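There are 2 protein chains.
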Amino acid sequence: MEYTELDELGEFGLIERLTADFPLHNVSSLKGVGDDAAVIGHEGGKTLVSVDMLAEGVHFDMTYTPLKHLGYKAAVVNFSDIYAMNGTPTQIVIGLGVSSRYSVEALEELYAGIRLACERYGVDMVGGDVTGSKSGLVISITVIGTVNEADIVYRSGAKPNDLLCVSGDLGGAYAGLLVLEREKAEYVANPSMQPKLEGFEYVLERQLKPEARKDIVAMLKDLGVKPTSMIDISDGLASEILHLCKASGVGCQLYEDKIPLDPSTVKLAKEFQIVPSVTALSGGEDYELLFTIDQKDYEQIQKMASDVTVIGYMTADKGIAEMVTPDQHVIPIKAQGWNHLRKENSSDDSCVTK
Amino acid sequence: MEYTELDELGEFGLIERLTADFPLHNVSSLKGVGDDAAVIGHEGGKTLVSVDMLAEGVHFDMTYTPLKHLGYKAAVVNFSDIYAMNGTPTQIVIGLGVSSRYSVEALEELYAGIRLACERYGVDMVGGDVTGSKSGLVISITVIGTVNEADIVYRSGAKPNDLLCVSGDLGGAYAGLLVLEREKAEYVANPSMQPKLEGFEYVLERQLKPEARKDIVAMLKDLGVKPTSMIDISDGLASEILHLCKASGVGCQLYEDKIPLDPSTVKLAKEFQIVPSVTALSGGEDYELLFTIDQKDYEQIQKMASDVTVIGYMTADKGIAEMVTPDQHVIPIKAQGWNHLRKENSSDDSCVTK
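Protein sequence lines, in the order shown, are assigned to chains D and B. So that you can map any letter, position 43 of the first sequence is 43 in this note's numbering, and since no number is skipped, the others follow by simple counting. So that you can map any letter, position 149 of the second sequence is 149 in this note's numbering, and since no number is skipped, the others follow by simple counting.
Source of the hints: derived by calculation from the structure; they are not laboratory data. Watch out, some of these pointers could steer you wrong.
Copies of the same chain look alike in the list, so a pair counts if it fits in one copy or across any two.
[As the list claims (entries may be wrong)] With a straight-line cut-off of 30 Å between C-alpha atoms, the simulated DSS-like cross-links for lysine-lysine are:
| id | residue 1 | residue 2 |
| --- | --- | --- |
| 1 | Lys68 | Lys134 |
| 2 | Lys31 | Lys68 |
| 3 | Lys184 | Lys68 |
| 4 | Lys184 | Lys134 |
| 5 | Lys318 | Lys31 |
| 6 | Lys134 | Lys209 |
| 7 | Lys303 | Lys134 |
| 8 | Lys296 | Lys134 |
| 9 | Lys318 | Lys184 |
| 10 | Lys258 | Lys214 |
| 11 | Lys214 | Lys31 |
| 12 | Lys221 | Lys296 |
| 13 | Lys270 | Lys134 |
| 14 | Lys31 | Lys159 |
| 15 | Lys270 | Lys303 |
| 16 | Lys196 | Lys134 |
| 17 | Lys196 | Lys221 |
| 18 | Lys159 | Lys209 |
Because the structure is a prediction, the values reported are computed rather than measured.
For reference, chain D alone in the conformation it holds in the complex:
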C-alpha cells in the first residue's frame, strides 16, 4: 500500500478527500461542508452545542488505539453530551490538528470511524478545519443538537428524595485501559511479545469504542419519564455525582453495592488489586447516563431494569455526598477523575484512587 503524505494534497485537497463521503441525514442540515459556515435550521426547537477535545498522549495512546476506533469514539463522546441534555445530536463540525507524520490514509481511517458513528447515530458532519500541529493529533469535535424546550434536562434539577439512576455498567472503560497499559508495558520490555487481549473483549470495547446511550433517552421518553437532572459519565461516577449535587444544591447517598459492574470488570480490578467500585467511581469514560428521577417514576423505571440501576438517592444535605459501603460504613465521595492538567501526564494511573 502506498501512503500519501499530507503536503501532497495540501489543506483544501485534504479536506475535500476526507469530507467527500459524508451523506447528510437531517433535514435541518441545510448546507454542510464547503463554505465559511454550515447552515442549520432548527425550527421550533432549541439548539444544543457542546465541544470535546481529545489530544494524543493525553486522551489516547497511538500504540494501541486504532484510528478508526478513535474517530468513532471522538464523535460518540460528543453525542453523549447532547443525550445528557435529553436532546438529539444532529450535526458535528471537526477541528483537526495533525502532524506531518500522519499519512492521508491514516486520517481517512480516522474519518471512517467518525463517519460510522455519524451513520449509526443519524448525525451529519457539516464542516471543520484541518491544520498542522507540532505534536501528534488533536481532535476537537463540536456537536450541535436539537431539543424541545420542555424536554431539556439540566444538571441542576435534582430534588431531595429523587432517586439516583445510572444506565448500563461502569468501570469497564477503565478496566480496558488497565489491560492495554499492561500489555503496552510488556511490549516495551519485550517487543517480541504478542499482546494478550483474548477474554478482555468487553472491557477493551468499552475503552476503545464506547457507545452513547441514545436508547436510554428514547426509552425514558417512551415511558413518559423525564429525569429531574442528568449528566453523562466521562470523568467517573464520583465526579459526576458531585456535579449534580453542586448544580442542584442537594446532597447524595450512594450505595456501593448497587453500583453496576460487569463481572469482567470486577475480575480485572481484583487482578490489578483495585477495589472494584473504584473503577466506576474514578475510572471515567463509560459514557453511561447518570440521572435523577422523582420517586413517583420508580415503577416506570423498573421497566428498564435491565438497562438502568437505582444506585442511591438525593438528600437535602447540600454539599454532603456520601457512599454507604456494604458493611454500613459511610465515606465521603471525592472526585479523582482524570486530571489532564498535571505536570506529568503519565497516562496510566491518573484516575486510580489512593
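Keeping the supplied structure of chain D fixed, place chain B upon it in accordance with the hints.
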C-alpha cells in the same frame, strides 16, 4: 506576581475561573457554561456553525504573540466566517489544549482577549472544554451565528459580469508577520537587541489583532445590496478568488493595480524585496471580506468607496482566473496561501511567492 500552576486548580477549577466573567449579550443564549451542552434559541432564523483551530508554532509564535491578542484574534477570525455568510455571530464554544508550562494567569490573559472580542462583537461564550496537550497551546473555537434564510450569501452565487469587491486593504497582516519574524531573528542572533517595532504599528496590529468586518455586512444591508457570493480572506486573495470561482462555476479577471494596499504595506514589501501585490495575493490573515455584486448595485457600492474597492469582475470562462498587470500582462492566479501541512513548518516563508 505569583503564578498558579494548572494542576493546583484542576480541570473544573480552571474552567470555573476562566469562564467566570463572561456576561451573556444575546437573548438566544438560553444556557451558557456549566452543563453538558449550551442551549440556544434561534427562532425564525437559520443557525450558522463554523470552527477554526489555531496551533502554537503553526499559526502563532509565542515569542512575539501577546496572549490577550491571541485570544482576541482566535475569536475574531471565527466571527469573520459568520460575517462571510452575511450572518451575525451570537455564541462561541472554546476547545483549549494546554501544556503545563502555561500558568493559570497566562490562560486568563488569553480569555481576557476572547472576552474583549465577545464584548466588542456582542457574542456570548457559552461553553468549552479545557484539556492537557503534549506541546504548547491549541485553541479550537466553534462559532454559532444566526441569519435569515433570504439573507444567506454562499460562495457559490457569483455570476458572469458580477463585480469583484474587497473591503479594507490587503497584505498588511503578512507585512506585520515579516517585521515580527525579522525582529525575532535579530533577537535570536543578539539577545541584547531591542526589537524595532516603531513605525510599523498598522501592520503589526493587522497581524496580531485583526478585526472582522461586521461594519461591512451592516453597511451592505443598509444600502440594500446583497452580495451574490462572499468569503473572508484568511488564506490570501488568490486562494479566496479561486474558492469563489470554483464554487460558483465562473472565471475571474483581477486588476493588479486595483488591489488596495496600505502605503506601509507597500513600503515593507519593497524593503523585503517582495512584489507588493503578493502580500495581498498570498499573505492571508487579513480577514477582509471578498464578495461579488450584480452590476446594477455598482452605484450603491460607490457609497462605500472608502471601505470597499472593486478589483475585478467575474467571467463565464469557468476555471480561468487571471490577473491583469498594469502593463497589460495576463497571468494565471495561483493559490500559495498557508500550507500548515508541510513537513517543515518553518513559519516565516510558507506564503511567500517564488
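A quick look at each hint next to the structure:
Proximity of Lys68 to Lys134 under the C-alpha cut-off of 30 Å is found in both arrangements, the shortest distances being 22 Å within a copy and 22 Å between copies. Taking identical chains as interchangeable, the C-alpha atoms of Lys31 and Lys68 lie at most 30 Å apart only when both belong to the same chain, with a minimum of 26 Å there against 34 Å between chains. Taking CA atoms no more than 30 Å apart as the test, Lys184 paired with Lys68 passes inside one copy only; the shortest distance there is 19 Å, against 41 Å between copies. Proximity of Lys184 to Lys134 under the C-alpha cut-off of 30 Å is found in both arrangements, the shortest distances being 25 Å within a copy and 19 Å between copies.
With identical chains, the CA atoms of Lys318 and Lys31 are at most 30 Å apart between copies only, with a shortest distance of 23 Å across copies and 47 Å within one. Both within a single protomer and between protomers do Lys134 and Lys209 lie at most 30 Å apart by alpha-carbon distance, with minima of 27 Å and 23 Å respectively. In this assembly of identical chains, the alpha carbons of Lys303 and Lys134 never lie at most 30 Å apart, being 51 Å within a copy and 46 Å across copies at closest. Taking the shortest Cα distances, Lys296 and Lys134 never come within 30 Å of each other, neither inside one copy (55 Å) nor across copies (49 Å).
Taking the shortest alpha-carbon separations for Lys318 and Lys184, neither the intra-copy value of 43 Å nor the inter-copy value of 55 Å comes in at or below 30 Å. Proximity of Lys258 and Lys214 under a CA criterion of 30 Å is satisfied intra-copy only: 23 Å inside one chain copy versus 56 Å between copies. Taking the closest pair of Cα atoms, Lys214 and Lys31 come within 30 Å of each other both inside a single copy (25 Å) and across two copies (22 Å). Taking the shortest alpha-carbon separations for Lys221 and Lys296, only the intra-copy value of 15 Å comes in at or below 30 Å, while the best inter-copy value is 55 Å.
In this homomeric assembly, Lys270 and Lys134 never come within 30 Å of each other (Cα to Cα): the closest approach is 40 Å inside a single copy and 32 Å across copies. In the homo-oligomer, the alpha carbons of Lys31 and Lys159 lie at most 30 Å apart only across protomers (20 Å), although the nearest pairing inside one protomer, at 42 Å, exceeds that limit. In the homo-oligomer, the alpha carbons of Lys270 and Lys303 never lie at most 30 Å apart, since the shortest distance is 32 Å inside one protomer and 77 Å across protomers. For the homomeric pair Lys196 and Lys134, the shortest alpha-carbon distance between copies (29 Å) is at most 30 Å, but the shortest distance inside one copy (33 Å) is not.
When the C-alpha separation of Lys196 and Lys221 is checked against a cutoff of 30 Å, the pair qualifies neither within a copy, at 42 Å, nor between copies, at 65 Å. Taking CA atoms no more than 30 Å apart as the test, Lys159 paired with Lys209 passes in neither setting, with 34 Å inside one copy and 47 Å between copies.
Hint check: violations occur at hints 7, 8, 9, 13, 15, 17 and 18; the rest are consistent with the structure.
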